[in-house]
Each structure stands twice: as C-alpha cells, then as structure tokens.
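So the chains spell out like this:
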Amino acid sequence: MFILKILIRNAFRHKLRTFLTILGITVAILAFGLLRTFINAWYGGVEASSASRLVTRSSISLIFSLPISYKEKIRQVDGVRKVSWGNWFGGIYIDEKNFFANFAVDAKSYLELYPEFILSSEETTHFLRDRKGFVAGRKLAKRFGWKIGDTVILRGTIYPGNWDFVLRGIYQGRDETIDETQFFFHWDYLNESLKKTAPSRGDQVGFYMIGINRPDRATEVALAIDQTFKNSLAETLTETEKAFQLSFISMSETIIMAIELVSFVVIIIIIVVVANTMSMTYRERTGEYAIFKTLGYRGWRIAAMIVGESMFITLFGSFLGILLTFPVARIAGRMLSNWFPVFNVAEEAIYMDILASVMIGLLAAIVPTRRAVKIRIADGLRRIG
Amino acid sequence: MKPIVEIIDVSKSYRRGDRVIPVLVDINLNIGEGEFLALMGPSGSGKSTLLNLIAALDQVDSGTIRVGGVDITGLSDNELAEWRAVNVGFIFQFYNLIPVLTAFENVELPLLLTGLSRKEREEHVEMALRIVNLEERMDHYPAHLSGGEQQRVAIARAIITDPTILVADEPTGDLDKVAAREILELMDRLNRESGKTIIMVTHDPRAAEKARVIRRLEKGFLNDVHSQDPH
Ligand SMILES: Nc1ncnc2c1ncn2[C@@H]1O[C@H](COP(=O)(O)OP(=O)(O)O)[C@@H](O)[C@H]1O
Ligand SMILES: [Mg+2]
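Line by line, the protein sequences are chains F and Z.
Note that our numbering has the first sequence beginning at 1, numbered continuously upward.
Note that our numbering has the second sequence beginning at 1, numbered continuously upward.
By construction, these hints were calculated from the structure, which means they are not laboratory data.
Fair warning: this is a prediction, and the values are worked out from it, not measured in the lab.
For each residue, glycine too, the CB sits at the ideal point set by N, CA and C.
Each hint should be verified, as a subset may be incorrect.
One-sided excerpt, in silico: chain F residues whose CB lies under 10 Å from chain Z [to be verified]: (1) Arg9; (2) Lys15; (3) Ile256; (4) Ile291; (5) Thr294; (6) Arg298.
Restraint-style ranges between C-beta atoms, simulated for each label pair [unchecked claim]: (7) F:Met359 <-> Z:Leu116: 34 to 42 Å; (8) Z:Ala143 <-> F:Asn276: 21 to 29 Å; (9) F:Asn276 <-> Z:His203: 36 to 44 Å; (10) F:Met359 <-> Z:Arg192: 27 to 35 Å; (11) Z:Asp139 <-> F:Val262: 12 to 20 Å; (12) F:Phe264 <-> Z:Tyr14: 43 to 51 Å; (13) F:Met359 <-> Z:Ala143: 29 to 37 Å; (14) F:Val367 <-> Z:Gly44: 41 to 49 Å; (15) Z:Asn223 <-> F:Leu20: 53 to 61 Å.
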C-alpha cells in the first residue's frame with residue numbers, strides 16, 4: 001500500500017515530464033493498435049471464410065473460366081452437399097473510384113451456401129423473382145444511399161455495356177467479421193444477355209463454390225473434384241475458401257510484413273523513451289533510494305518502487321491509447337472502407353496492446369532498478385547535498 | 001561501563017583508479033552504553049567513513065565491529081538491512097527526508113518494516129513528533145519546513161524504533177546558530193533523559209561541547225581521549 005502511494009506521488013513529481021511520457025506511450029499504443037487492426041483487416045476475408053466450403057476454378061488462372069456443365073459432375077462427387085457458381089463481373093458504378101466487389105451468382109444456391117449473409121425472407125423472395133434484381137450489403141447500400149426498388153447502372157468492363165439492376169434486398173452480416181460491401185445479382189441475367197450478344201462467352205463460369213458435408217474431408221473432396229476434370233479441356237484447381245482467399249493476400253505478404261515490423265519498431269522506440277525517463281528519474285533520486293536502504297529497506301522494495309512507477313506511467317498511457325484506438329479505428333475504417341470491408345479493432349489487437357505495455361513498463365525499469373539495487377549506500381548518500 | 005560499540009583493528013581504504021587511499025588505519029575504539037561521543041577532525045580525515053562502518057552502511061576491509069554484542073562485519077547485505085532497521089537511528093547533515101512524504105509519513109518509514117498495526121504506528125509517530133516538538137507540523141512536506149524543523153523530523157525518524165545507537169553526521173552542519181543549538185539540546189536531552197547512546201561526527205567545537213567524550217581523527221588515526229565534565 002505504502003509503495004503504491006509513494007510511486008504515484010513520485011510519478012507526478014515532474015508533471016510535464018510525466019505528461020509527455022504518458023502522451024508518448026498513448027500515441028505509441030494507439031499506433032500499434034491501429035497497425036495491428038490494419039493487419040487483421042487484411043486477413044479479414046480469410047478469418048470469415050468457412051472451412052466447410054471449397055472453391056473450384058480453372059487450373060490455369062482465375063481469368064479463365066469453366067463450362068457450366070461441370071456443376072452436375074461436381075454435385076456427384078462424394079462429400080459435396082451443395083454447388084453454387086458465379087462470375088466476377090467487375091462493373092463500375094459511375095466512376096472507377098467507387099470500387100466495390102460485384103458478382104453474378106446463381107442466386108438461390110449462393111444464398112443457401114452463405115448463411116452469414118442475412119436477408120429477410122421477403123427480400124429473398126423479391127430478389128429471386130426479379131431477373132434484374134440484385135442484393136447489396138448494408139454498408140454498400142448506405143455508402144451510395146440506395147433504397148429498395150432503386151435502379152442502379154453498372155458499366156461493364158469484362159462484359160461491355162451498361163447493365164441496369166434493381167435493388168431487391170439489403171443483407172446484413174451475421175457478425176462484424178462479415179463483409180457488408182458486396183453486390184451480387186443473377187448469373188442467369190448475365191448469361192442470357194451474353195448468349196444474345198456474344199454467344200461464345202455464354203455458359204461460362206468463373207468459379208464454383210462448393211459446400212461440403214465434413215470440413216475435415218476438405219482435401220479429399222477437393223482432390224476428387226480435380227480428378228474428375230483431369231485431362232479434360234478445362235482442368236480445375238479446387239481449394240478451401242480459406243486457401244483461395246489467402247492466394248490473393250500472399251501477393252502482398254511483403255507489405256504486411258513491413259507493417260508488422262513497423263508496429264514492433266514503434267514499441268521499441270517507446271521502450272527507449274520510457275527507459276530514458278526512468279533513468280533520469282533514477283539519477284535524481286539516487287540519494288533517496290540510499291536513504292530507504294539506510295533505514296533498512298531491502299532491494300526488492302526499492303525495485304518495486306521503480307518498476308511500479310514505470311508500470312504506472314506506462315499502463316496509464318496505454319489505457320488512454322487503447323481507449324482512443326476504438327474511435328480512431330472507426331474513422332480510419334470509414335476512410336478505408338473501399339479497400340477493407342471489415343475494419344474492426346480485434347480482441348487480439350487489444351491483448352497485444354496490453355502485452356506490449358507490460359513489456360514497456362518492465363523493460364524501461366530494468367536498468368534503473370538494477371542500479372538502485374546494486375548501489376552501495378555510502379556512495380548513494382554522497383550524492384545528497 | 002560495558003561497551004555497546006567495540007571497534008577492533010578496523011582498517012578501510014578506497015580505491016581511486018589504481019591508487020589505494022587508506023582512510024582508516026587500525027582503529028580501536030570502545031563506546032559505552034549511554035555515551036555521547038563526538039568524533040572530530042579535519043575534513044577528509046575519515047569521520048564519515050568510520051561512522052558509516054559503525055552504522056553498517058559500509059563494509060570494513062579488515063577488523064571487527066561489534067554493536068550490542070553482534071559482530072556486524074560478518075553479516076550479509078540483507079541481514080545488515082534488517083539489523084540497521086532495528087539497531088541504528090540516523091541523523092544526517094542534509095536531513096535526508098523523502099520530499100514526497102509528509103513529516104508524519106517520513107517518521108513512519110522505519111515502522112513500515114515492523115509488524116505494528118496502523119493504529120500503533122500512528123501512536124508511535126505522534127509520540128516521536130511530540131518529543132521533537134513538531135506535532136503541529138506533521139502534515140507538512142519537507143519543502144515547507146525550515147532546516148531546523150526538518151532536522152527535528154529526521155531525529156524523530158531516528159528514534160522511532162528505539163534503536164541501540166544513534167549516529168549523527170554533522171547534524172548541525174547546515175543549520176544557523178539558533179537552530180543548531182536547538183538540535184544539540186534535543187540530542188543532549190535524548191542522551192540524558194532517555195539514555196540514548198549517541199555517536200556524532202562534527203567539526204563544530206560548539207557542537208562537540210555537548211558531548212561527554214571527544215575523539216579526534218587525524219589522517220586515519222584516532223588520537224587520545226578527551227573526556228569532558230558534564231556542564
Ligand atoms: N566512496 C568513496 N570512494 C573514494 N574515496 C572516498 C569514498 N568515500 C570517502 N572517500 C575518501 O575518503 C576520505 C575520508 O572521507 P570522509 O570519511 O568522508 O571524511 P570526513 O567525513 O572526515 O570529511 C576522503 O579523502 C574521501 O575523499
Ligand atoms: Mg563527512
């Protein structure tokens with residue numbers, strides 16, 4: 001109790017210095033938390049992806065498509081529960097900078113396969129009934145102020161021309177890890193139009209999405225599917241949804257590693273800053289620690305005073321930093337929503353914040369504590385006067 | 001008179017670079033229980049060094065020091081800390097109070113290492129502050145006390161555990177005449193009325209007057225005994 005009292009009073013002896021140190025810690029923890037959140041957001045799609053879904057695509061590249069006729073054969077593979085399919089549409093809304101993901105999908109099976117997209121049964125019915133209907137995520141609809149019944153025109157890039165759609169449903173994510181910025185419409189609509197304008201491009205599928213019965217058999221089922229199309233005109237590559245998502249991310253792995261590195265550098269810098277504050281403090285109080293020793297206070301009590309003060313300052317600053325992380329991440333999330341559909345402060349980031357601040361507090365106190373415990377009383381007392 | 005402090009063949013030197021500077025050479029000294037001893041001598045003669053050795057703040061190079069029958073030269077650092085807390089009261093030239101603690105809290109410091117309850121501690125501290133006549137100032141921080149008052153707080157802290165010996169290193173060295181006299185009278189009273197053994201380092205002859213015995217240190221050697229009659 002006494003140690004707590006004295007370390008708090010000591011901490012506020014140099015108000016400006018303590019304030020600046022706390023401010024530094026707050027900013028560092030905030031930066032660290034945001035960088036961790038950024039990294040998390042990067043892997044967001046992977047986190048949300050289900051282990052019980054596979055994605056089948058052309059073994060050559062994502063750009064190449066597969067015939068629609070594969071769907072029957074895939075359905076017959078042992079372990080397959082449901083098959084859906086889609087094409088990356090790549091339409092532009094008014095301007096290129098309004099980027100968002102848009103797909104043509106087989107609507108009914110897609111909704112069944114992705115229960116994490118929550119759509120009311122009424123809207124589901126309306127969407128399924130309207131050939132030109134589309135469904136948008138809540139965030140996306142909000143971003144452009146779309147209401148149910150609105151007509152939205154996308155300019156095709158892969159599929160030329162202006163395509164008009166009617167908003168029939170707005171889905172919500174089951175939880176906050178779910179992307180609420182998607183745009184999907186009927187694959188049939190795309191296919192029938194293509195058959196009229198560019199027949200050679202009809203009946204082609206960009207990827208199949210496959211629900212399986214048992215996640216633990218994913219590899220087996222994926223192999224069986226690829227085996228089915230071995231030596232056919234269009235060979236396939238089937239992987240779990242997670243692996244599929246990761247294949248996008250790995251391209252930018254280096255960037256993520258750089259960010260990860262920066263996040264740790266921030267912590268190292270703040271450790272040095274706090275260590276410097278604690279060393280200054282120690283130099284000023286060498287005599288006082290000698291007095292405590294003179295009175296019979298043992299090393300561990302002195303250590304507790306110094307480590308305690310360091311911890312107190314650090315945790316104070318970290319607490320503010322963590323508190324600030326939430327509103328700042330929300331603002332950042334809004335600004336980055338085009339690139340990161342999900343930008344939430346992960347629990348994990350908070351744990352890392354706490355871990356980092358404990359490390360800062362301890363490491364910054366090591367040198368002064370060692371000195372205070374080691375110094376001979378007679379030498380310490382000589383510094384007074 | 002039974003000696004409470006026995007110093008036998010004690011030597012101490014310091015190393016400065018690769019030169020060894022002998023500070024104390026074969027010191028022998030007995031201090032009786034209830035004695036008030038003044039250690040005098042020019043600056044740099046080793047007075048503080050000797051006092052620190054008696055008070056177990058520093059280790060001898062050779063020789064033996066016994067205080068209250070205990071050979072303190074054979075104790076470990078932790079044992080010494082414990083021993084000091086019980087057996088020695090310290091008074092320094094610069095008072096050495098902790099600035100972030102009030103007079104009361106400063107006096108309480110040694111008691112926090114004992115098993116006394118909060119209530120008992122409070123009673124003891126108030127009593128000690130009454131002895132040095134500073135009860136009214138107990139909530140003041142050192143910065144708001146005069147030098148003489150700070151030294152009285154330090155004396156209260158030194159006597160709070162009722163130690164075997166009181167050591168004082170130039171206790172009046174930083175005080176004006178009036179305050180110095182007050183402090184010396186207080187120490188005199190503690191010696192006469194409570195029978196405290198006091199070992200005081202000073203180079204102020206007026207301070208030494210209060211002592212019952214004066215010993216002089218000269219370049220590391222201890223000179224003859226000067227006993228003075230109580231006035
Ligand atoms: N820790 C130390 N390291 C080196 N020299 C010291 C140390 N402590 C004291 N000395 C030297 O020992 C001598 C005696 O010092 P001290 O006991 O403080 O003298 P006094 O108290 O009589 O003025 C001085 O020359 C001083 O410089
Ligand atoms: Mg001295």
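Comparing the hints with the structure gives:
no. : hint                              : result
1   : Arg9                              : holds (4 Å)
2   : Lys15                             : violated (13 Å)
3   : Ile256                            : violated (47 Å)
4   : Ile291                            : holds (5 Å)
5   : Thr294                            : holds (6 Å)
6   : Arg298                            : holds (5 Å)
7   : F:Met359 <-> Z:Leu116: 34 to 42 Å : holds (38 Å)
8   : Z:Ala143 <-> F:Asn276: 21 to 29 Å : holds (26 Å)
9   : F:Asn276 <-> Z:His203: 36 to 44 Å : holds (41 Å)
10  : F:Met359 <-> Z:Arg192: 27 to 35 Å : violated (58 Å)
11  : Z:Asp139 <-> F:Val262: 12 to 20 Å : violated (50 Å)
12  : F:Phe264 <-> Z:Tyr14: 43 to 51 Å  : holds (46 Å)
13  : F:Met359 <-> Z:Ala143: 29 to 37 Å : holds (36 Å)
14  : F:Val367 <-> Z:Gly44: 41 to 49 Å  : violated (33 Å)
15  : Z:Asn223 <-> F:Leu20: 53 to 61 Å  : holds (56 Å)
Checked against the numbered hints given earlier, the structure breaks hints 2, 3, 10, 11, 14 and satisfies all the rest.
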